[in-house]
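Given the coordinates of chain R, work out where chain L should sit on it, guided by the hints.
As given, the protein sequences belong to chains R and L, one line each in that order. Numbering of the first sequence is given in this note's numbering, commencing with residue -8 and proceeding in unit increments. Numbering of the second sequence is given in this note's numbering, commencing with residue 16 and proceeding in unit increments.
Watch out, some of these pointers could steer you wrong.
[As the list claims (entries may be wrong)] In the DSBU-like style, the derived pairs of lysine-lysine whose C-alpha atoms are separated by at most 35 Å in a straight line are:
(1) K182(L) with K217(L)
(2) K209(L) with K289(R)
(3) K33(R) with K495(L)
(4) K33(R) with K457(L)
(5) K294(R) with K457(L)
(6) K278(R) with K440(L)
(7) K154(L) with K640(L)
(8) K289(R) with K446(L)
(9) K33(R) with K511(L)
(10) K495(L) with K(-5)(R)
(11) K457(L) with K0(R)
(12) K62(L) with K278(R)
(13) K278(R) with K217(L)
(14) K33(R) with K453(L)
(15) K154(L) with K278(R)
(16) K446(L) with K294(R)
(17) K440(L) with K289(R)
[Stated by the list, open to error] Covered by chain R, according to a simulated footprint, are these stretches of chain L (three or more residues, beta-carbon under 8 Å):
(18) 39 to 50
(19) 74 to 88
(20) 94 to 108
(21) 251 to 258
(22) 265 to 277
(23) 329 to 338
(24) 484 to 496
Bear in mind the hints are in silico, worked out from the structure with no lab data behind them. All C-beta atoms in this analysis are idealised placements derived from N, C-alpha and C, irrespective of residue type, glycine included.
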Amino acid sequence: MALKMADYKTDVHNDWCPGCGDFGIVNAIQMALAEMGLQRDKTAIFSGIGCSGKTSHYINTYGVHTLHGRVLTFAQGAKIANPEMTVVAVGGDGDGLGIGAGHFVAAGRRNLNMTYIIFDNGVYGLTKGQASPTLKLGEQTKSLPSPNTNYNVNPIGLAVASGFTFVARGYSYDVRHLKDLIIQAVNHKGLSFLDVLQPCPTYNDLNTRDWYAGTDLMDEAQKRHSRIYKLEDTGYDPVVHYNEESEVNEKLTQSLIKSLEWGNKIPIGVFYKNEIITPYTHRLRDKIPNYLENPPAKQNISKNGVSNTDISQILDSLEV
Amino acid sequence: MSSTDFTWLIGGPQGSGVESGANIFSRVCAEMGYQVFGKREFYSNIKGEHSYFAVRVSDKKIHSNVNDVTLMASFDAETIFRHYKEVISGGGIIYDADLEDTTTDKVHTLDPPFRERLHKELESKNKPFSIAGVLEIAKENGVKLFPVSFKSILETLAEETENPRLKGLIRMYNVIGVSLSLGLVKMPPDSLQKTIGTIFSKKKEIAKINQQAANYSYNYSTAKFEGFDYSLTGIEKEPGTLLVQGFQGTALGKMACGCRVQPYYPITPASDESVFLESNEILEVIDDRPGSTAVIQTEDEICAMGMTIGSALTGTRSATCTSGPGFALMTEMLGWAGINEVPVVITNYQRSGPSTGLPTRHGQDDLLFSVFAGHGDFPKIVYASGDVEESFYDTGNIFNYADVFQVPVIHLMDKFIASSVVTCKRFDPSKISINRGKLLDKVEGEYERFALTDDGVSPRSRLGLDNGIFWNTGDESDEKGHITEDPILRVKMMDKRMSRLDLILKEIPDVEKAVSFGVEDMTVITWGSSKGPVLDAIEMLKKEGISIGLVQVKLLHPFPADYVSSLLKDTKTIIDVEANHSGQLGKLFKQNVPRDIDYFILKYTGRAMTSTEIYDSLKKIVENKAEKREVLMHGA
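Just chain R, same shape as in the assembly (with noise of 0.2 Å):
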């Protein structure tokens, strides 16, 4: 019996703040994972730590809520020891590019078969409020004491310089458009990240849903009803469609160049896809010719309670 959006959520009281972006979408992961019809114990949610980490208890799959920063450490544990599940990882802003921005440029080099969305709200909410690493240099939400004195990191930016393949921005009350780009991302063959721009009523009161409507503006976004535009709209073409330099320079040039926009015109879709590289569990098959087949967890390693495995080869280059 095919699954439906209901099969996806847990019971578990949702905790979130009233009219917290987060709802958006948590709801467009689970209508993603109903349209994919994705079995629900051949996938898991990795989670990181902050309102976002919580997403992984409302959702009926596998749920993995682990620590500040390291969710990609370990999404890509599991997902190299059982290939064949799906793995999606979640979490801030705060907790991907400020603590876990190490692990973030390393995943995106390893370029393993999963899914990485942030959260992107511009504070730390859970601690009340502070600058996270994507609020820009000067910007004073409500609970700061003084401007920001960092400069923001530039996640579509960061994704594409560190290897990730495929690389997208959504928008929390845009749900089916980011129901859309999600299955894009977990079809993808290779890492695919999310930038999922996401209001925080509570803490955020400058990049508010009313702002990203631009109710603010007197320009043509107030006539569009929003800041946000579509790059499927205007014909831009994220794909590198064959392995050539000149192709890839084209296509990673400019992405980075729309991801420096921001201000009356922000662009959500897929900036960046190259399925040219091969993921990392393809590179550990160039290793180890049966790794799909039989991946760590699926290996037998013992024959009536004892070890099955034959070392005698490596004993005998050892004996004397």
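Chain L alone, transformed into the frame defined by chain R:
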């Protein structure tokens, strides 16, 4: 026939082939039936600093090095400056005659504190600050000197083989040193040729040149050198003897017991284990398709630990391997594994701390840190192996502990073991039993990962198992694994997890908790690699009619207080021997067994203990001349 106890030392600048020279020597001796105990010392440096290898050779089982060097093979000046005093009367020094005029100020790698001590020594004996000066002292000490020009050996060899390239091949000084030494002790030359052939089996051309050099040097030695009283002509070989490097025990144990994922971050002295695993990543499996170990080099130790846990959640036996600084980074995740009851193994090849400490030197520094690692209370196991052979079987056991008790296990190894080369009995994988505990193969009906059970252990699903969905969180959780802050459930969950410590003490057999080598009025307690030198020291004292007992504690957390105190109930004097400053086992002992340690024998120079110095300290204790805290200092 008199018994053999011979120590050969080779030294040289890092990168000059000291290690491969020692490997050749060790292998020849092992092939010829001897027991071998070799240990490498080196600086945190790639090229140029002094490294050396001391290989002890005996006709009996040995577990340590001794202070005395019987024969030293040197091809640089620094080795002579640093080690001339260790060579015994009647022993020998093979050295490069071209170095005689070299003065201490020409050897830039002699660090100031050592240089100062050396100058004082030479000054007091009225000798010049040169190789000639130290060799005069050696000679006065009864050491026999065997000068040879390494350069002219290469030149002659180049002429004889019509291969002018050989003239400049100073990389072969190590093979020349080994061959001169083996000629001097009359080791049958075939074994040398065979060993070089084996070691360079993949590089035929290099094997050939080395065999020529070995042959020439061996003959040079037997023709030109005389008056050396020691010989190693071979004894009957015990069948089924391995010559292993210290890190291979845990690596082979991991392969045998089914560890299939090992993420790691490079760190001395732990990386060798992971590299060895990766070099053998494809595994033969009896009656099945090949298996494999996914060895993943990560961006840091935090990722290594995270990946290990993530992998373990899929039901895969998973481990990481690190040293103290790396383990420090893993501790937040250790708590996560604890609260989520994830079986993982962390192999910690300890080194000298604190901080970077002496990064390439030995220390049993992390015992208390391991016992108390991680914030908050959670169950874990800390286990230590005493030597490479033990470490193979222990690795099998601790993966079972991890699975059965669903706890992280910290396996304490150390640099002394990691960089030793020893003979031991061939490992027997059929003795590696596999017990996955309550790991599930299928789930029927409602499943709760953290169900409260009578024995405090819940049936364990794994990511990907049909109907086995669970949740994990670093927060306190309910039976399903969802966050809870309920005070009553909190107490239930804490009690459930912590009850595991009693279960561990109940279920692990006594012989795996601690090993008694006999208990006497005076008994040593120790752990890890200090076992070897203590065993040999006790043997030396026994020959003098002095009996001292030894208890090696292997399960260090939870501490087997009942078993250890029952072993020691009749002993009057307890001596704690270990390689750290504070006597960490002693502290743990006193915390768990309400009894004081009478004497401490401690070493924290970064160099491994020798049996000689433990013998000396034990003797002082027996004669009532010892300090409460004896500190050992031997070793360059």
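| If you check each hint against the structure, which ones fail? | 2, 15, 19, 20
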